[in-house]
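Asks: If you want the building blocks of each chain, they are given just below.
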Amino acid sequence: MKKIKYLLSICTLAFLGCNDAIDIQQPGRLIPETTFNSIEDLQRGIIGIYTLYDTTQEIALATNFTDEVAPGVATGGQGFNTGFVFELNSGSTAPFRMWIDGYIELFSINTFLVGLDAYTPSADEQAEYNNIRGQALAFRAYSHFQLLSYFSTDYADDNALGVPIQTSVPGLGDQPLRDTNGDVYAAIEQDLDDAQTLLSDMSSATSTFISRDFVSALRARIAAYRGDYTTALPLAQDLVNRYPLATRAEFTGIWLDNSNAEIIFKLERSFNGPFDFQGASGSVAAGGWAGNMWAFVNATAGGGAYYEFSRNLFNLFDPADVRYDAYLAPSSVVSPDYQNAVDFVNEDVLVVQKYPGSEGQFLMNDLKVFRSAEMLLIQAEAYADANSLNGGSASVAAAIKQLRDARYGSPQALPTYTTQTEAFAAILNERRVEFAFEGHRWKDIKRLGARANQNIVRDPLDCAQFNVCELNNNDFRLTLPIPLTEFNGNPGLREQQNPGYGN
Amino acid sequence: MKLKLTWLLTLFMAFVMQLSFGQEKDITGTVTAASDGLPLPGVTVLVKGTARGTQTDFDGKYSIKAKSGDVLVFSFVSMKTAERTVGAANTIDLAMADDVAALDEVVITGYSTSSKKKSAIASSKVTSETIENRPNASLVQTLTGQIPGLDISTNSGQPGANSLVQLRGVNSINGNTEPLFLIDGVPVNEDNFRSLNANEIESVDVLKDAGATAIYGSRGANGVVVIKTRRGTKDSTLKVNYVGILSYATLQDNRYDLVNTRQALELERTYGRARGAGLGNGAQTGGNVLFPGTGSPLTDAEIAQEADFDWIDFFFRTGVTENHTITLSSGSANASQFTSIGYFNQEGILNNSNLQRFNFRNNINGSSSNGKFNYGTSISVNYSKSDQLTSIGTNGVNQNPLFGALSSLPYFTPDDQPTSQQLANDFFIEYAPFYITDKLNTSDRLDEELKIIAGLNASYKITDDITATFNGGVDYQNVVLLNSQDPISRNQLRFNPAVDGFAQQNSDRQFSFQSTTSLNWNKQFGKHTFGLGGYLEYFKAHRRSFGFVANGLDPATFVPQDDAGFLADTPDDDARVDTVSATKSDAGLLSYFGAFDYDFDSKYGLNAVVRRDASYRFATTNRWATFWSIAGRWNISNESFMDDSVFQDLKLRASYGTSGNQRIQGNTYWSGADLPFNFFTLLQGYGGADAILFNQLGNNELKWETVAQLNVGVDFALFDSRLRGSIDVYEKETTDLFQDQPISGVNGQFTLRANTGTLKNRGVDVALNYDLVRTSDLNVGVQLVGNYNQTELADLPSEDGEIIGIGRNGGKLREIFTLRYAGVNPATGNLLYLDRNNNLTEDPNVDLDRVWTDRNSVPDFTGSFNINVDYKGWFLQTQMQFEAGRDQFDNDYSRFLNPDVIGQFRVSADFLRAWQQPGDVTDIPSVNVNNDQFGSDRFLTPMDFIRLRFAQFGYNFPAKSLETTGISSLRLFMNAENLFTLSEFRGFDAASRLNGLEYPTPRILSFGVELGF
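Quick mapping for you: the protein sequence lines, in order, are chains P and V.
Going by numbering that gives the first Met the number 0, the first sequence opens with residue 0, and the numbers climb by one from there.
Going by numbering that gives the first Met the number 0, the second sequence opens with residue 0, and the numbers climb by one from there.
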């Protein structure tokens, strides 16, 4: 019996010593309450927010689902099932990525702001503290606007459905419905107003951080989308004045990341950084190196170009224009008579070189978000909207000429437009050239297509394989559907699905 | 040796005795075994009532002096003792019958063993005879189809590849579904058997029902596989055994009907693609061009001149494997030992893949001279080295050797291979074979693994009724991975020319420790036997890994695993900055439990278990959970009213109970370590700067997943035990399933892992053995092993009770939800689908027209049909494995029928009957089909199959013929695995659960010899 007691006590002792088996803290976990304890932690926190932003999905959508590209020499069928046949439904990658990426950004910002609020800065930390908050709020405005731009049917209609606004950390069971555009714009305005006062810098020396100019540029873009050109015009004018258009030499440098001329904001992409990888080829999921959206390997004719310039985009380019040199790879093969080529695919190889690579890594370049060229063309839109079409100043013609003068490096003829539609068409075409492969085309057709009487139109040779060649500017597929996966956790939204998607 | 001495001695004794009892006559005879008719050496023959005795010799012959009327008593271990009265005849032959009672199988029941009769649990046993001498590297693979309800699927033929093991269906959607594996009481990583030698195994017991697994509560939810290795016997002389096997593995057949050169070029010509149409590749861009293009389609004569090369033969080979095992066992009065040394060298059927393995095992048993203290240790040290192919299963045209083998155009030949630089300069997608060949020639991928499993058990009998036991063990493995890429290689020059190659090395150490301390009391009161046990169990698992990637190699001095060729970073750029990594994870479990056993007169029995378990994974409030079970039996054949029945054995069993699963996601002890908690992490962020980012949205309500199981079974033996078997029916219900609860994306994710929903598995296990012929020369036995299992989902976390990818309420697990393909439209050549109203359409709505197909990838029926024949030392064994009720998308066929890749990759000759013009009625759509982007059941294939999984044929040399050789036993045999398969599936391996560019499991032929000394 004594023995048993002895054994039992050993067991009891063993048991007490055994709790190390279940009380385990995994290393490297920062629990929310104790994550942000210094201004340096907050600086790391805002860097974390920057790390979430990627525009390759936007670029991939605009490239794949429009008339920007055609199958390249190295195509293995990438994108054939989606953009080439304009196949878009609530189960597609595009709405899934755009929706969740936007809300990942918003959720992370709001979670970060909780930590930020809980920290009390010292007097000499106050300015940096405010600057960090300003950047977070500016990003929150940007994300809301990005979401709205994909999921709202009509940017200019404040009563149209926008997206659920997120300005605080949601509960796990929250099932928010869509807010109206007017409410979303109001939330955006609020954040931009706050950011404006909190941000410490007017501009970013490297163009890679958020400054008050980012706020102005975003305001100008939003106002143009809304058709509120009275707001857009002065903002755009100011930015063009302070960010003069690049010279021809600077312009080619922009795409090699050697020059920051005319760049108001861009997302930095660094060697061995979080975006230094090969993304999903031919998919809106994209990610990684931007140039990977057209080529597997590099931006040359032999670099595995699975997409190339669509022929009718290419036809808008003039070899005297620096944009021809900057955007088209020199190794491209331009067929003198492509329409009669025996082997069109191999005799007409128009390689996209907008993202040739940097820092020794092929295809990896900074992602340009706001350039003053956009601001200049927003001015042009404002003039067109006011029916100020021709003349040497404050007109569509003058704005277009100003851009072309810079791109050709010599004074160009002042164009003339007889109708507003013609002027809008000129702006849309200029945007098509200027912002080719920058992710604007899909939204531009949606918001300006009707006024310019332009549609998405592919060259017959480019679209011969599937015979899917046109998408009208009023097509429902220029608004993304709410993704199917959202309905599982938020069934009420099903009632608010966008038109055309089977409801 | 000992035996020989014994009967020499006996003969001497007999001689002596002859002198003393001169008036008796010589009785001679032969003793054989009734079961197989083989002579029985060593049978003791005694004249009853005297001290006179002898033993039979090698041929079962004996000679003894006896008088008429004397009674001879024949006795032998595990045989029924027989008596014969001496009459007039001088010869008495005897066929000794098996002693069924003595042969009663030992059944593992949780932490103890029991006789089969007294066991109330559902379990199946496989002994060494069915495991040893197989050509397979993996012990687990050899168990395929041998145990009712144990579903083993092997998706890769890569030497040392892991298998997925599931018992009686799938119990969890996201959690671990594999059983707990114990080797000599030590829990081991269920995904790593490549280092273990199957020839060391004595037996494998699979515990299935709640009555058996509840005692393993925290890890027994998916069943338990108890593996015992061989041990020596006390008081035995040294026995040495050698087994050598030589195997040849080849690729199994496929029926995709891939094009040859003529067919490929004709297709290209017809559809205006590539070489067949006279179009060159890259002619305009000045690359390395194998065919500049003629501008006009090739003529028949030109096509006839083109080479026709089979890239399958280029990438695949006949893989040769050698396998040697030597075992030594011996024992003295208080100790015994078993030692095994093994060497195994396997070539994979794909070039550049192999596995080389060394094993050492030593098992020792010992006891104190008073028998109160008993101990046993086992240690197994295993080292393996393998060249592993990477990117298997991917579409990487520059990476996956399967892609090169299956999809390379036959008019290219290895003589066309361009240099690495040429390949890097330009990209032609059809150059897949050259890219992959370049990769195989310029990169290395080596795994080295050291695995040590050590166990100790010790018990002390405190009183006659009370025993204290300690059982502990460790599983240690260290995997060192090496991955390098030469600076002069296509992939390096192409993707990252600034970096001159790289070498990656990673060391991953995993260590797990378990101890069980128990106190047991057993007591018999008349016909009542009671047992009571208290247990404390502690488990801890640690993982440590670290590694580096050295960027920049000097090709002249670089040798894998050495740093002589590492180049330093230069001031110009950061291209050669090396990277380092390290991880540390810990996991643990703590349990205490009690077990109660009762038996009445070997007729009725009851077992009960209650346990409390805690896991490190859950938040403090949900950490502990209680599991229990109760099991009962009735040995009907032991009732007196059964005395004259045909039944030698009849037992009814029933059990009900619960067990828990805390491995809520991933494959390791450590995955999903802290899902209940929110946290941020530090990472490299924007612009390369340090960043802190929200990383995990936790669910602090997570708790144990629980499996409740009801099992009713019957064990029987009848007609002189000719027919033996067991039948079990079971129903399992997993509640609080770890599943993704849909949430709104505003949380930054669409789902949150939660305990929600129910999964049921219902089924029947059957094992039947019948001795068709049972004579002294010829024995024929047949065996059927089978399982029927059906899964059913309930309470799915979605508003309509359906989750695409998981299934629907009342439906099967992972039921496929897709469009219905309805053939080719003769008018257009496009695909036709059925819409939601069963109307044909070319333009289905993916949201609304998809349907639940009632098909899934979990088989309904699994099992095998086995035949064993032996005739005078010859033996033949076959195992026909079958599986039914499983469907899978044939991704390979889908790729071979992708019209976009005609001219780029090898396609199926089925394209020759593609739709060409309105009115064509065919099953292959137009090459210009424009609606094949929709996922549908077009390539969904029934994977039902019957396969000759295993066959063995051989000869046991009779002992007599070996008398002068010094060898005590000799056996020669020939094995075959996967000899043929009947299936509708057209691919290489109908049993594989993965499909599309996977490494197929091979067909293996082998020859072996087993020698005993």
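In case anyone wonders, no lab produced these hints; they're calculated from the structure.
Among the hints, a few may not be true.
[To be verified] Okay, derived cross-link-like pairs now, SDA-like style, lysine to any residue, Cα gap no bigger than 25 Å in a straight line:
1) 64(V) / 317(P)
2) 117(V) / 27(P)
3) 583(V) / 459(P)
4) 583(V) / 317(P)
5) 238(V) / 271(P)
6) 238(V) / 359(V)
7) 400(P) / 317(P)
8) 583(V) / 25(P)
9) 583(V) / 273(P)
[Said to hold, decoys possible] Quick partial rundown of chain P residues pointing at chain V, CB under 10 Å, derived from the structure:
10) 41
11) 46
12) 110
13) 197
14) 205
15) 299
16) 311
17) 314
18) 316
Just so you know, even glycine gets a beta-carbon here, dropped at the ideal spot from N, CA and C.
Asks: Take the hints in turn and mark each one as holding or not.
Replies: So, going through the hints one by one against the coordinates:
{"no.": "1", "hint": "64(V) / 317(P)", "verdict": "violated, 120 Å"}
{"no.": "2", "hint": "117(V) / 27(P)", "verdict": "violated, 52 Å"}
{"no.": "3", "hint": "583(V) / 459(P)", "verdict": "violated, 58 Å"}
{"no.": "4", "hint": "583(V) / 317(P)", "verdict": "violated, 59 Å"}
{"no.": "5", "hint": "238(V) / 271(P)", "verdict": "violated, 61 Å"}
{"no.": "6", "hint": "238(V) / 359(V)", "verdict": "holds, 17 Å"}
{"no.": "7", "hint": "400(P) / 317(P)", "verdict": "holds, 15 Å"}
{"no.": "8", "hint": "583(V) / 25(P)", "verdict": "holds, 8 Å"}
{"no.": "9", "hint": "583(V) / 273(P)", "verdict": "holds, 22 Å"}
{"no.": "10", "hint": "41", "verdict": "holds, 9 Å"}
{"no.": "11", "hint": "46", "verdict": "holds, 4 Å"}
{"no.": "12", "hint": "110", "verdict": "holds, 5 Å"}
{"no.": "13", "hint": "197", "verdict": "violated, 20 Å"}
{"no.": "14", "hint": "205", "verdict": "holds, 9 Å"}
{"no.": "15", "hint": "299", "verdict": "holds, 8 Å"}
{"no.": "16", "hint": "311", "verdict": "violated, 21 Å"}
{"no.": "17", "hint": "314", "verdict": "violated, 19 Å"}
{"no.": "18", "hint": "316", "verdict": "violated, 19 Å"}
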